[in-house]
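There are 4 protein chains.
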Amino acid sequence: MYNAITDVRGVWVGYCTKISGSGKLRVGVGPVRTGVTVIMPHEGNVFEEKLAVGHFVLNGNGEMTGFVRDRETGTLETPIFLTGTANVGIVYDAALTYLIQQNPNIGISESVPVPVVAECWDAMGDTEGRHITEQDVLDAIKTASGGPVAEGAVGGGTGMRSYGFKAGIGTSSRILPEERGGYTVGVLVNANHGSRHLLRIDGVPVGEELLDYSEKRESGKSKSIIMVAATDAPMLPVQLQRLCKRLALGLARTGSVSTHGSGDIFISFSTGNRITKNSKEFLCVDDSMVSRLWEAAVESAEEAVLNALTSAPTMEGKDRRIYEGIPLDRLVSLMQKYKRL
Amino acid sequence: MYNAITDVRGVWVGYCTKISGSGKLRVGVGPVRTGVTVIMPHEGNVFEEKLAVGHFVLNGNGEMTGFVRDRETGTLETPIFLTGTANVGIVYDAALTYLIQQNPNIGISESVPVPVVAECWDAMGDTEGRHITEQDVLDAIKTASGGPVAEGAVGGGTGMRSYGFKAGIGTSSRILPEERGGYTVGVLVNANHGSRHLLRIDGVPVGEELLDYSEKRESGKSKSIIMVAATDAPMLPVQLQRLCKRLALGLARTGSVSTHGSGDIFISFSTGNRITKNSKEFLCVDDSMVSRLWEAAVESAEEAVLNALTSAPTMEGKDRRIYEGIPLDRLVSLMQKYKRL
Amino acid sequence: MYNAITDVRGVWVGYCTKISGSGKLRVGVGPVRTGVTVIMPHEGNVFEEKLAVGHFVLNGNGEMTGFVRDRETGTLETPIFLTGTANVGIVYDAALTYLIQQNPNIGISESVPVPVVAECWDAMGDTEGRHITEQDVLDAIKTASGGPVAEGAVGGGTGMRSYGFKAGIGTSSRILPEERGGYTVGVLVNANHGSRHLLRIDGVPVGEELLDYSEKRESGKSKSIIMVAATDAPMLPVQLQRLCKRLALGLARTGSVSTHGSGDIFISFSTGNRITKNSKEFLCVDDSMVSRLWEAAVESAEEAVLNALTSAPTMEGKDRRIYEGIPLDRLVSLMQKYKRL
Amino acid sequence: MYNAITDVRGVWVGYCTKISGSGKLRVGVGPVRTGVTVIMPHEGNVFEEKLAVGHFVLNGNGEMTGFVRDRETGTLETPIFLTGTANVGIVYDAALTYLIQQNPNIGISESVPVPVVAECWDAMGDTEGRHITEQDVLDAIKTASGGPVAEGAVGGGTGMRSYGFKAGIGTSSRILPEERGGYTVGVLVNANHGSRHLLRIDGVPVGEELLDYSEKRESGKSKSIIMVAATDAPMLPVQLQRLCKRLALGLARTGSVSTHGSGDIFISFSTGNRITKNSKEFLCVDDSMVSRLWEAAVESAEEAVLNALTSAPTMEGKDRRIYEGIPLDRLVSLMQKYKRL
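Residue numbers (my numbering), protein chains in the order written: chain A, 1 to 341; chain B, 342 to 682; chain C, 683 to 1023; chain D, 1024 to 1364.
Next comes chain A alone, as it looks inside the complex (with noise of 0.2 angstroms):
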């Protein structure tokens, strides 16, 4: 397994980078430092077959296009987008092409095609500039694939950072023994949210020790964190929108406060049951397992956000600010001051 959304079966993620120039920020120039990544719920049409979903908002200072039809009909019919706030437009537009593309029939159908389009504000970059275009998310479309996920400063993630620190795309799983049912939990995180005094790995005060290092010049304000959550335990709805607040249980153990400005919204889905217009029958976990399924949401919400600070490296953006990585090396000493190593 890979310690990935992907872990979850029939469960995809393709994205594309848009990483170009350098310097003084020209508006619809550059330096552009942005991209979209897209989450398959299943390897199907999933506006055929829809999936159950539920969602929670810890802060909703952003946006989840699609949040008010998926919410009521307590299914997901399109893939997920992740991407830079301005871009929101331009992804939902184009996940319409492609969502028609797939479903010439989409018109005389009961459901309204509303993609699911997340965003969080990538400053390091021309954000204003929109550099994200139809092509480039019918191409991210196209690079979907299971296995191992790229994190990091990849796709939606590529102008983010978290806890005073360059981050982005994380992702982690974890599977329950075989007499839980032997289900897989998946997280994926596009973390831009926190500051820095705050941040705590595995209850170590990362933050505080790492308060002085480098500068810290952090501008923009509008910090979100955007959580996927994807099960193979079958789930109703109800279920699923439980699940999504163990997220932000995961999210708080990284030392999060979910600042005013933040968009943590978060949204989960269940491959356990395929959902088409002549439904008759739901598949579900009974209640006396979900706690064991909480658990492996909390745990893996948390190290999604962990792997998405330690898989970025230090990057360049706009005047030329550099946006640093977490340091390694500090955070392995760290950890053995506070025995966790």
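Hints are computed from structural coordinates only; laboratory data are not their basis.
Positions of the beta carbon are idealized from the N, C-alpha and C atoms, including for glycine.
Do not take every clue at face value.
[Claimed, not checked] Think about it this way: if two alpha-carbon atoms lie no more than 20 angstroms apart in a straight line, the pair counts; the simulated DMTMM-like pairs of lysine to aspartate or glutamate are:
1. A:K277 / C:E963
2. B:K621 / D:E1231
3. C:K1019 / C:E890
4. C:K962 / A:E208
5. D:K1300 / B:E622
6. A:K339 / D:E1231
7. C:K1019 / B:E550
8. B:K680 / C:D884
9. A:K280 / C:D884
[To be verified] Some residues of chain A that are not near chain D, with every Cβ distance over 12 angstroms (derived):
10. I19
11. L249
12. R320
Use these hints to put chains B, C and D onto chain A, whose structure you have.
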């Protein structure tokens, strides 16, 4: 006064209507029956001076972007755009262009810019062709003004039908007597919902009576109604959430049962407080006053739906299909028969 | 069939009515005009075999205990009790006595026992005196049965009035044709809401026409309506939440604007799945079917309110006040005048 | 100051502890290990002068009465009572007695009196026996005062255990620096939640280290934590809803994953506005200020849980079972081992 949402001082409405071509549907070519309507919540910069906002989702099988952000903060910070389903991405992106132009410092704000774009499925024309452009949206904004509001097949309502008749934009308002505060409640709807047999007008079973009028060729089932309410009564977000539920009660008086495929999503805002970064005080009506405002909201919502129906004459759509307007002469006869005139 | 919630097989209704004394109000003595109604969701042990449940709060200025628990789990595990506001604690405690007797192992369950008790303000009698006892509640449970349901001033509806007339319990049902699944939707309400001028019956403005009928001495303003819907259509919790919103649409047809002081709280459950600790599967209707169920729910809700009004004759309350029943002869004349009869 | 919820001026805490008997459980007799805690939101008549309120349900498998009413209006109008699950009805009824005595005109108010009573399953004693009486509740109210707050096995916390140790009531507070407004945030919890292996204290894996300490005889699984936050920062209901979510983040730092059977229900109120029938104005902190309040809330919540644990010594319960308090000496050693002391 104009019996319109613009009776709430400062609320402006603009629109851009796109009608061209006829005959057989050719995706990407036409016929074009679409548009965009914009509601400017006040005449200033709403991103800098936000308004209190509330929502209610009666049946969320549709999209209103910005829902998560506005629900979290209780504030509205962009105009509200109404358009066809397939135009959401384009309108969202165009709205961002407008917001960035208007607010050059948007990137360092505490708030991310999340435009409010709400859709109904305008299947009368080449909806998949997505004929709205960024310029159309900017044009709609430029036309915004107070005063009388065009109703029927204009702007975002161009390609809509409701209760088996041609429909689109409708608006209405109520003004409370001075001793009740003298407040105004205005509602504007984009009506694209309902089956004919359900239609009731002032309690008269008009739909049943007109069941065999013309042919009822209803293609797509993804029927929706977006309702927008404005008031100058100062209200807290929690009060506006309550007001929004009353829009559903007004809708119900016209017969709707809010079917599965419908995106019946409601938003309301109050011009009674301008909220800036440093706002430390909110005016609000006391709760002993709100029931009169609820009654005004129910009545305005009911009448706005009826105005959408009675303002939209017969129109030809794709494949030469005729979308009949409600026959006003027969409507008068029916109202007389049932002792309403 | 009985045009009652009991038309849903297995749903039983019981009640205990407490009427005694007359004349001037003496708190703790009388006059007593109160009671309790109980809805048994199925004929078995509902704590062991739970049902899927949904809610909608149209205006929450009241109480329905169990809301938080049932919303979280999507299950109903106790009977539903309807009573006067001041009796909630007593009825809750008595319900617990019943649950503990029925389930000796309750303490080691995964679930805490949270009875569902919903109230309206029965101000016709000595409501503060709290004349309901534990035994009354246990008696109500014992009387529960299928078949015809007593309406009007009985059980929890004893001291209620609605739209300025005597009211109380009302019930109704709709059965879908076999080709639509043959499902039954039943609604039972405790009606204590609304101002007279708003009342509409089948679209006829009865309230306005009867505005001067008798005197309209309305004391307390804390008006409410509790609506309970049952169906044998198998549904997920998320579907039942949607069904509950349609009860509001039915209520709206009778004229309500849901005033500030009102506790308009709705609950619905499905007998289509019996959920035990080890349930791993849910039946549900497919979404293409639900709109017909919504229509049935709207109609049942509307008629249940009207049945509550037309089943409750004039009653004398505290301080010798007369609470007029709606005059049936005048109602017939009005329906004729407006061409409904 | 007292590092307690009472550091918020005007907030008072009272309680009644019922401990008697020992040995084998005899339902209705004993042993008795229960009680009730009351939080008076301000020193006046809270039914006449209401406070803004917010909620968050992390896992709602429990009860907090008043939730629906308070959520609807955004106001708190009664004291908050914490007790054992089986006492809810009795405490609710007793609270009503108190409210009626205090407010003779309650029946003609716009508001119905819905007391806030929240429960956890106090299975250490004869919980089914329901040993709390109306007088106990009135006594608890009478003892309410500001100043230091008793923690551990007192009042509503008497029969509680958490993370496999004896627990109960805990409280803590944070005061913002003057330049941040000088506001106080106080939290009081009734802790009855969590499995031992999960417990973390300031990031140290205390639960794992103490996994084999004593025996871990955990009977009932219905574990819960009620969290109550108060602040003198003036806040809107929508802001208090947000604050409540931060209590979950504080709880997460102690290791909880919020299991299925848990009633993890949170409520917060602000003393910064006294709301009467005729209130037309609300003070609130501006949103640029709230993140500091969130941080204070997270910290207070975390510490309140830890204070509940460290204030509750070993107690014998029913059937002579020993409920171990957390061993403070070993805790000190562990904190030293992990470089926290």
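Structure-based check of all given hints:
1. For a cut-off of 20 angstroms, the pair hint linking K277 of chain A to E963 of chain C stands: about 18 angstroms separates their Cα positions.
2. Taken as a hint, the K621 of chain B and E1231 of chain D pair is broken in the structure, with Cα atoms around 46 angstroms apart against an allowance of 20 angstroms.
3. With a CA separation close to 14 angstroms, the supplied pair K1019 of chain C and E890 of chain C stays within the 20 angstroms bound.
4. Distance check on the hinted pair: K962 of chain C and E208 of chain A sit about 46 angstroms apart at the alpha-carbon level, beyond 20 angstroms; violated.
5. The straight-line distance between the Cα atoms of K1300 of chain D and E622 of chain B is roughly 18 angstroms, inside the 20 angstroms bound, and the hint therefore holds.
6. Pair hint K339 of chain A plus E1231 of chain D holds up; C-alpha atoms about 14 angstroms apart against a cutoff of 20 angstroms.
7. Taking the CA atoms of K1019 of chain C and E550 of chain B, the gap is near 18 angstroms; set against the 20 angstroms cutoff, the hint holds.
8. With a CA separation close to 14 angstroms, the supplied pair K680 of chain B and D884 of chain C stays within the 20 angstroms bound.
9. Of the pairs offered as hints, the one joining K280 of chain A and D884 of chain C is violated, with about 35 angstroms between alpha carbons and a cut-off of 20 angstroms exceeded.
10. For I19 of chain A, the condition that its CB be more than 12 angstroms from all CB atoms of chain D holds, with the nearest at approximately 31 angstroms.
11. Listed as outside the interface, L249 of chain A is inconsistent with that label: its C-beta sits roughly 4 angstroms from the nearest C-beta of chain D, within the 12 angstroms cut-off.
12. Every Cβ of chain D is farther than 12 angstroms from the Cβ of R320 of chain A; the closest lies at roughly 29 angstroms, confirming the non-interface assignment.
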